[in-house]
Amino acid sequence: MASSSGATGPDIASLKEALYKACLQSPSAHDGFRQQDFLDFEVIPDDDLNLVLQVAQQLVNEKLLWIFNDGEGIGWNVRSREDAAKYHGLTSEQEMVYQLVDSAGTDGIWSKTIKSKTNLHDAVFRSSIKFLETKGLIRDMKTVEHPNRKMYIKSSIRPSDRATGGSWYTDGEMDEEFISMLMDVLYNYISAKSFYRSSSSGVRKEPKKTKRVSAEEAKALRDKSLSKPPAEPESFSAARREYNRLLPMPPGYQNYPTLSQLTLFIENSPVTSVTLPANEIQQLLDILMFDNRIEQVIAGPEGVAYKAVRKSLKEMEMEMRGEAGAGGSNGLTEAPCGRCPVFDLCEEGGPVGPSNCEYFEEWLSL
Amino acid sequence: MSRSKHAVELCALLVDETYGELTSRIFTILLRRGRLPITLLAQHTRLSPRQLRHGLVVLLQQNLLFYHTDIDSGLTHYEANHDAAYALIRSGKILNIVEERFGEQSRDVVQNLLLLGHTKVADLTAAYEAQKPTSNGHSNGHSATNGVSYTNGDHANGIHDSQVHSTGQLHAILHQLLEAGLIEPVNQIMFTSPTDLYNKVEKELLPAGGTKGIKQKEELRLAIEGRMQALRDQRPDWRAKGNNKRPHNGDGPNGTIKRRRLSNGAVNGNSQYLDESIRLDSELVLRINYEKCNVALRSQSLVSLANQRIGETTSYVYAEVLRLIEPYIPRCRIESEKDSNLFEKANVSTAELSAVMSSSVNVALGIGKASKDKIDTKMLEQASGRKRKANEAEVDSDGDASSDESESDEEMVGAGDDEEDPFAEGQKRKSGQAKVTFQDKPEDRQSRMLQLRNHLMLLAADDRNLLSKCGGGGQGQWTVDFNTLVKHLREIELDNLILENFGRQGHRLARILRKFGKLDEKQLPQHALMKQKDVRTKMVEMQMAGFVDIQEVPRDNNRATSRTIFLWFFDMDRVTAIVLDNIYKAMSRCLQRLEVEKRQANDIITAAERSDVRGKEEEVLSANQMNQLREIRGKEEKLLAQVARLDDLIGIFRDF
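Those sequence lines, one after another, are chains A and B.
To convert, note that position 144 of the first sequence is 543 in the numbering used here; the numbers rise steadily by one, no gaps.
To convert, note that position 643 of the second sequence is 1383 in the numbering used here; the numbers rise steadily by one, no gaps.
Among the hints, a few may not be true.
Unchecked claim - In silico lysine-lysine, DSS-like type, Cα no more than 27 Å apart, as pairs:
no.: 1; chain 1: B; residue 1: 952; chain 2: A; residue 2: 713
no.: 2; chain 1: A; residue 1: 516; chain 2: A; residue 2: 592
no.: 3; chain 1: A; residue 1: 511; chain 2: B; residue 2: 1271
no.: 4; chain 1: A; residue 1: 541; chain 2: B; residue 2: 1273
no.: 5; chain 1: B; residue 1: 957; chain 2: B; residue 2: 943
no.: 6; chain 1: A; residue 1: 514; chain 2: A; residue 2: 592
no.: 7; chain 1: A; residue 1: 541; chain 2: B; residue 2: 745
no.: 8; chain 1: A; residue 1: 710; chain 2: B; residue 2: 1255
no.: 9; chain 1: A; residue 1: 514; chain 2: B; residue 2: 1262
no.: 10; chain 1: A; residue 1: 516; chain 2: A; residue 2: 549
no.: 11; chain 1: A; residue 1: 534; chain 2: A; residue 2: 516
Stated by the list, open to error - If you anchor each label on the Cβ, the simulated ranges turn out as follows:
no.: 12; chain 1: A; residue 1: 518; chain 2: B; residue 2: 1295; range: 22 to 28 Å
no.: 13; chain 1: A; residue 1: 754; chain 2: B; residue 2: 958; range: 23 to 29 Å
no.: 14; chain 1: A; residue 1: 596; chain 2: B; residue 2: 958; range: 42 to 48 Å
no.: 15; chain 1: A; residue 1: 747; chain 2: B; residue 2: 1295; range: 48 to 54 Å
no.: 16; chain 1: A; residue 1: 746; chain 2: B; residue 2: 927; range: 25 to 31 Å
no.: 17; chain 1: B; residue 1: 1295; chain 2: A; residue 2: 671; range: 39 to 45 Å
no.: 18; chain 1: A; residue 1: 740; chain 2: B; residue 2: 1317; range: 55 to 61 Å
no.: 19; chain 1: B; residue 1: 1292; chain 2: A; residue 2: 703; range: 33 to 39 Å
Unchecked claim - To give an idea of the chain B side of the interface with chain A (calculated C-beta under 10 Å), a few residues:
no.: 20; residue: 1050
no.: 21; residue: 1198
no.: 22; residue: 1327
no.: 23; residue: 1343
no.: 24; residue: 1345
Source of the hints: derived by calculation from the structure; they are not laboratory data.
Backbone N, C-alpha and C fix where the C-beta goes; we use that ideal spot for every residue, glycine too.
Work out the full structure: start from the sequences and follow the hints.
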């Protein structure tokens, strides 16, 4: 194309320089340029459209510009001279591949996408990738959204947060230890600020019974308290003391921790050196809420603050004993039937039934 | 309405357990086969007409049957009443409630009513007259009765000093219970099955030309339901006519009315001698009002929720609030328009509450302290106002409420001091007793009111909306939105189940789904911060149990897996139904197991029940036998307690 318009040849070289410079200096450099943008730079004499196209094509050939096509039509993007230099010495296939990886940026590109876009033969594609990798131009990467896809990225840049999954991922794996540790830290902090710890234990003693307790009443009392073992073990009474000491804050209390306070707390605490932004802390708080460990209250300068949900007595007791476990339980889960693996089959007269149930046997002889 | 297999099984077991084999045979046939006339019933049960009639009488006496006599053919059909059969399991809890509120004597009366089914006042009186010398308040009208109640394993040894001593006292107790609504006069409608009643009313109300279109049909349905409710509420007036000495408010008489001390000196602090002069119509037929009892049971679960979520003292306050509201609530499920009007009256003001709140509950305690600048109740008010509007509940009196707030804000800081002796004022008042008189100075009363208000506001501010504010009069009017609360109760129990069965992760995922509704499979790991693989495993595990389910939305006609969106969802109603059925099944299993255990220990049980052994087991039986007896009693207690706890869940999921 350039040779056909020989008369303007020298012109093009200087115009090219001017246009490239204008592009680099333009404030909207990473949004890409349209034809009209080039004209607006006023480096092309007489707004000659033909000339613009020629100059642009030259720059594209030199890899200083690259063409993109979005919904609004064709446009050009500028590329630095160093990056452009990397294109030198590539075959056209390699160039096509490299260009795709290059334009994918920090998100990386799936090998399958490259193949479908370039329409290259598998062998050629693989040799191109290999060549580019050995030259150190691209490298493979992993994305957390699709861990099984083979992705490529320019070796000079780091994958985006979307691909790495942000702070919660280490080497593309969800770091559950880290997450649960942070959640515990947050929970303990919120919990410490959610209750008032009374100095005197127990709100009210059981009114002393002056009347004689008959056998039946005693039995009824025992029935009432059947859920707990008759003789309280130490861990239980300790838990009960602690449980009764936790008093609610008065209504309208404003000092429940807020998101920004919690973010700051994590930032200043020695538990992690990673800086976690507020939205990631929010994510953790959401999960704590889903786990029913904390809840939102309307208070504080931000309008929303967090307070811990009061633990059940059983939960506390288990904690005191150092057992991990789910706190809530009810009549169904504590009976053998609630957790029976063959509950569906259970039938009087069937292969398993109430009369030959070994779970009942065990439960009743406890 | 047909019930699930497990519900039927359970009902049959309960009838069997309480009223013996004859009745349960008839009842089971009716449950399985639906309504039957007596000839077919005889065929299926293979009982002699005499036996059959005997059994039917017992069942009818207990309101376990509905019957319907066709006007044209004169044929009577019998139908099983599931709800009444199920209610048998609650008897223990009802007795507990009655005892707690009205004392032992009332409990005794209710126990008799439970055993006898619906009873004429005259018969009840006669039963008591006859019983007097035997000093055992537990006669049971039917030979088939084996007298197992669900509170306390056996009640062979009656409580001697809790006897009702005179007819007048009996009448007073009945009067009190009627006032409270825990027992009710029987009317004919109660023996007609809901379907029959519906048909009957429909026949009456159906316009000549029939109904056209959905709208008219809907109108007719509503009209019928309203009429049915009206018919149900139509009860014989039990208030004795011409007796103007009516005690007010069901609180029983106070000081002015004579008290009679009885010669045998059974005076124990809380048993009360009520007015002798109340006489009920002796032809009045009474029965237990299970619907009202459910209201009381619901209050109990709500109080324990408050205790768990906020604290002990606040839960006492809450209990008092609920008790004050209860008289306005005839039953748990309030649906029709007419009832919701009735519901609006169900509120209580801080001042009213403070007047009846027992002084032994020190409301100064139970709330933490904080400096004034950290407290701002305005925001709370606004927020609750918003919440209320969002809920489309009572939108009235918003401005009213907030203006009332501001004046007392300053004083509302923290709550009293910790050092004050909370036990100085003695026992908590039993509710049957005279009102507490306030001797404290006015300013004390004022501060007490403010402390009370603090507790009430805590309840209102809670995430579960334990209480909601509905007006500013009398230092704030409060009401309870039972429908939402019960929904919360259900959610909590479901969460517990899920937490226990599927661990913390399953619990998290289920709650996420409940919040977001339907959620794409790919979104779940992001919200839960869990590995995709773990999420899938958990979800499938829960799907197998029926707790969550998946919906496939293909993006094109090929329905290829890769082009399909998978949406997970958590259907509360469905899960509730599944859980209910599981609970029914677990309950039957417990009862069946109990039967097995008892059969195995048959020897020792018969030995212990011999009339010469009863009451002095320890002397007569050998050590070995005693051990066996204890073992079986222990197992029985365990299993029955378990059944009672399962029943709590049924209450939450079905009745409340």
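Consistency of the hints with the structure:
| no. | hint | verdict |
| --- | --- | --- |
| 1 | 952/B x 713/A | violated (59 Å) |
| 2 | 516/A x 592/A | violated (57 Å) |
| 3 | 511/A x 1271/B | holds (24 Å) |
| 4 | 541/A x 1273/B | holds (17 Å) |
| 5 | 957/B x 943/B | holds (14 Å) |
| 6 | 514/A x 592/A | violated (57 Å) |
| 7 | 541/A x 745/B | violated (53 Å) |
| 8 | 710/A x 1255/B | holds (22 Å) |
| 9 | 514/A x 1262/B | holds (26 Å) |
| 10 | 516/A x 549/A | holds (16 Å) |
| 11 | 534/A x 516/A | holds (22 Å) |
| 12 | 518/A x 1295/B: 22 to 28 Å | holds (25 Å) |
| 13 | 754/A x 958/B: 23 to 29 Å | violated (50 Å) |
| 14 | 596/A x 958/B: 42 to 48 Å | violated (57 Å) |
| 15 | 747/A x 1295/B: 48 to 54 Å | holds (49 Å) |
| 16 | 746/A x 927/B: 25 to 31 Å | violated (41 Å) |
| 17 | 1295/B x 671/A: 39 to 45 Å | holds (41 Å) |
| 18 | 740/A x 1317/B: 55 to 61 Å | violated (22 Å) |
| 19 | 1292/B x 703/A: 33 to 39 Å | holds (37 Å) |
| 20 | 1050 | holds (5 Å) |
| 21 | 1198 | holds (5 Å) |
| 22 | 1327 | holds (9 Å) |
| 23 | 1343 | violated (18 Å) |
| 24 | 1345 | violated (16 Å) |
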